[in-house]
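Novice: For this one, chain V is given, so just place chain S on it according to the hints.
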Amino acid sequence: MTPDVMSAAALVDRRRGWRIERRADPSAVGWLVALLLAALGAFILSGLLLATAGASPLDAFSNLAKGGFGSGRALANTAVKATPLIFTGLATALAFRARLWNIGAEGQVFAGAIAAYACTHALDAAPALLQMPLILVAAMIGGALFGGLAGVLKTHFKVDEVISTVMLNYIIAFGLSMLLLKGPWSEAGGFFEQTAKVAVNAELPILIDKTRLHLGFVIALVTAGLMQVVLAHTPFGYEVRAAGSNLRALAFQGTNTTRLVLLVMATSGALAALAGVSEVYGVHHRLHAAAIVGYGYTGIVIAILGRLQPLGVVAAAILFGGLVNGSTLMQIKTGVPSTLIYAIQAIILICYLVAWAAASFRIRRPGRTTPSGEIGRAGHG
Amino acid sequence: MVEDLFQATIVISVLAATIRIATPILLTALGETVAQRSGVYNMGLEGTMLMGAFAAFIGTYQTGSQGAGVLAGAAMGALMSTIFAFMVITLRIEQIVTGLALNLLGAGLSTFWLRTAFAEQSVTPTIAFMGAAPIPYLEGIPWLGPILFRQGLLTYLAFLAVPLVWFFLFRTRFGLELRCIGENPKALDTKGLSVQGRRYAAVIFGGAMAGLGGAFLTVGSSARFVPDMTAGRGWLALVIVIAGVWRPGYVLTAALFFSFLDALQLQIQGIGINLPHQILLALPYIVAILSLALMRQNAKAPAMLGTPYIRDR
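Protein chains in written order, with our numbering: chain V, 621 to 1001; chain S, 12 to 324.
Looking at chain S on its own, in the form it has when it is part of the complex:
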């Protein structure tokens, strides 16, 4: 049975699944990379993704348009992180506690609204989710075509966002200012540039990306919304940001690594290798701890990560 895993079709399907599964965590982790570069640690990603997934589902259900659903997901993510930003940047509430509060809010609101929105129906309704959008010509390339170019639109967007976020952070003036805020906010403040404003922008962008990540889970790949369907992906995105040392390229590598584990686990279950499936399901979380333990490189974190900026100090 193990040799089954090395057949070409299976290898291709595992790798294609890796790319697909990477989509939500990659989107979320890229957004969080920007937020953390500005010095804000948003631990509310799990709840933000969940609300994004829910809004995308409801948006698609109400309008019948998948595009509107995706926008609703991103907007909801932005809204959630605006609440977060107000609490931690303006009111300077502890970032960890606020993040947890946001997670609870996301879980509570999405479950409650799901129950009340469809109280009359006995089964939760479904939506038509986005299918694959093969790219002409490229999809015909052997191996690469089926792996990379027969994915959904949100997947292309996620992978396109990697160089875009890199370019923004490392090649634009605003990106430089943002990274500066994460290391030495006073320098920017003395130039008369707004630290708080830029942090707001970074956090809200991060929230919108997490909302998109959530939208992929419903409109992007599944017909229904299930309570707590993010199942730890928001937390994995945080791990990926740390493992990816706050650089988009490495974040991509880490996201692919974790989604490869997940894809492999699905395949192993599929061909019936006799291993308790719970071990496979727990694998990403075990590997997350191990990889952080082996890396020990918190020194590369932005110096001001988690610290509110107070002008007089």
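Just chain V, with the same shape it has in the complex:
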């Protein structure tokens, strides 16, 4: 563009007056306002949804809150529900940080549970100190391989990771069904698609009596802490963050981006796999699809609400764990089906996305000078 055309364009803009433009990222205040607006919006929309079902929103919400956070025991069980969501949330957050759209946490949870069960179900009487590490390592390897498979499909076969991970989610669910329905792992004499109970020594120990709070929650918190440190203070963490902003620049700088993509996908898969461990060995004590289904998809919501930050993921997972936990009391007391929370989760996500986007717009008044960014760009053009 010649300078004359540039200034002409600027004139046209100025005459148009007020303009709305979007910043790269909202300010901290904007983010807080966005969160509050999202909460308010989600509250109102969910209330309307309850009204369509002929239920009293206030009644339902108060029971939801009471069931989720109302007592020490409720809190402990909320932590149990939050545990797998922390793992899948961290898995998704890591991949999304590198702008790898891993939708496959769902399948990677399955892969982890299958691998852990495959390696340890024969070790009935072995001491817990032997079984526990074996279960964790086997699950992480299983999840890493399954996540890595989507990585290889991307790096070597140019298959978009969104599509491949979703397809793999369906494939492995059928795979598990094959192992469990009249398959090699079916419970002897059982009708259901499930394995027999795992050995007592393989169960994750309960931390507080009379609750279901198990060791998995502590592992989840430690994992989140570790990930925070790794992202902020290691070369790998730097590369993940850099890949998120500009993968090509990272390649020019000399990083092997193929290796990085594979590493991120494998690590993400390994993190998701731990959700399989927490549910199979911490809660259900047997392997069946109902124990592990759905956490991967909810993990995506958790990761986004947590701003792709490990500690944010923990906070969002506890909130959602409370919703899941409270929904049982809500169903008993008010008759509103507990499936409501899946709709609420989606509504929260949409409200958050909209509020976040709205907070990143700003209105520029007419007559002001152009911001420095645009002058810079004009100079280069």
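By construction, these hints were calculated from the structure, which means they are not laboratory data.
All C-beta atoms, glycine included, are put in the ideal place defined by N, C-alpha and C.
Check before you lean on any hint, since a few could be wrong.
Label-pair ranges, simulated between beta-carbon atoms [stated by the list, open to error]:
id, chain 1, residue 1, chain 2, residue 2, range
1, S, 317, V, 741, 39 to 45 Å
2, S, 237, V, 876, 44 to 50 Å
3, V, 777, S, 183, 34 to 40 Å
4, S, 202, V, 672, 43 to 49 Å
5, V, 802, S, 208, 53 to 59 Å
6, V, 777, S, 195, 27 to 33 Å
7, S, 239, V, 653, 34 to 40 Å
Selected chain V positions facing chain S (in silico; Cβ < 7 Å) [as the list claims (entries may be wrong)]:
id, residue
8, 721
9, 777
10, 791
11, 867
12, 883
13, 960
14, 963
15, 969
16, 970
17, 973
18, 977
Chain S regions said to be covered by chain V (calculated; three or more residues, Cβ under 8 Å) [claimed, not checked]:
id, stretch
19, 124–131
20, 249–260
21, 289–299
Specialist: Structure of chain S alone, referenced to chain V:
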């Protein structure tokens, strides 16, 4: 047993089933082809189809009219994609994330409303679904008649939509403008034509088609609505758009290929060949990955696919 598969009646029934099964994914994939040609990647198809299926079911149940049900399905699809369009076109939210949010919304709302709408009944109610509408004279043609011309109305509509969408995209002015937006939106903007408006139109059309695809699953072919009954068809439609290189003719070929696999799998289960049925069920998804891996032709995607248009850049 394998030779059973080659008997004439069986071949005809497999091919007729192929055409029938192709209907929902073909409708959805054609709509998505138009949306993606304009540069918008709607990954919320699974949720959009599901809501379309649900609305079509409820619409038919309430009014007793299958036509009203089908319209309700299409309208619901359009509504879902209007939400999507507002989020990604106006607010420029990440398209992948928004699509996933839409899927969760569709799954959550349809399940919740199903539970609350029929809370008193112990079994979910059923509707009378559309039967076959044989085309006079043509249905009598040997082989072709029973395969092509004894289908339901929505199936005819889906196959008719292939040349229509092709004509629209490649032979009309609006179609040219739409494809231009997917490649070089600035060119259209400088002519004073609205990029955003055309993208809205393309995405909402895509949503209505996905809603129709969903409607086929209930009113078109089954008496009840089951939570998550789309079972990955929305995602398969996305695969088909890519495998069909964003051209209606190839999209049709890809849709027929996948539905043939599905039809074959039903037939194999039917005659009792001893193979774990889960392998057959997983087959379309395995083939989807393999076909994308073998093709490696993302270069043909619209250049601006997934990128919001910002005037000042």
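Novice: Decide, hint by hint, whether the structure agrees.
Specialist: Outcome of the hint check:
1. 317/S with 741/V: 39 to 45 Å: holds (44 Å)
2. 237/S with 876/V: 44 to 50 Å: holds (47 Å)
3. 777/V with 183/S: 34 to 40 Å: holds (36 Å)
4. 202/S with 672/V: 43 to 49 Å: Given a distance of about 45 Å, which is inside 43 to 49 Å, the answer is holds.
5. 802/V with 208/S: 53 to 59 Å: Since residue 802/V and residue 208/S have Cβ atoms about 56 Å apart, the given range 53 to 59 Å holds.
6. 777/V with 195/S: 27 to 33 Å: holds (29 Å)
7. 239/S with 653/V: 34 to 40 Å: holds (36 Å)
8. 721: holds (5 Å)
9. 777: holds (4 Å)
10. 791: holds (5 Å)
11. 867: violated (15 Å)
12. 883: The hint is violated - residue 883/V has no Cβ within 7 Å of chain S, the shortest such distance being about 21 Å.
13. 960: holds (5 Å)
14. 963: holds (3 Å)
15. 969: Since chain S brings a Cβ to about 5 Å from residue 969/V, closer than 7 Å, the hint holds.
16. 970: holds (5 Å)
17. 973: holds (5 Å)
18. 977: holds (4 Å)
19. 124–131: holds (count 4)
20. 249–260: Since three or more residues must qualify, the claim that chain V covers the stretch 249–260 of chain S holds, with 3 doing so at under 8 Å.
21. 289–299: holds (count 7)
When held up to the earlier numbered hints, the structure conflicts with 11 and 12 and fits the remainder.
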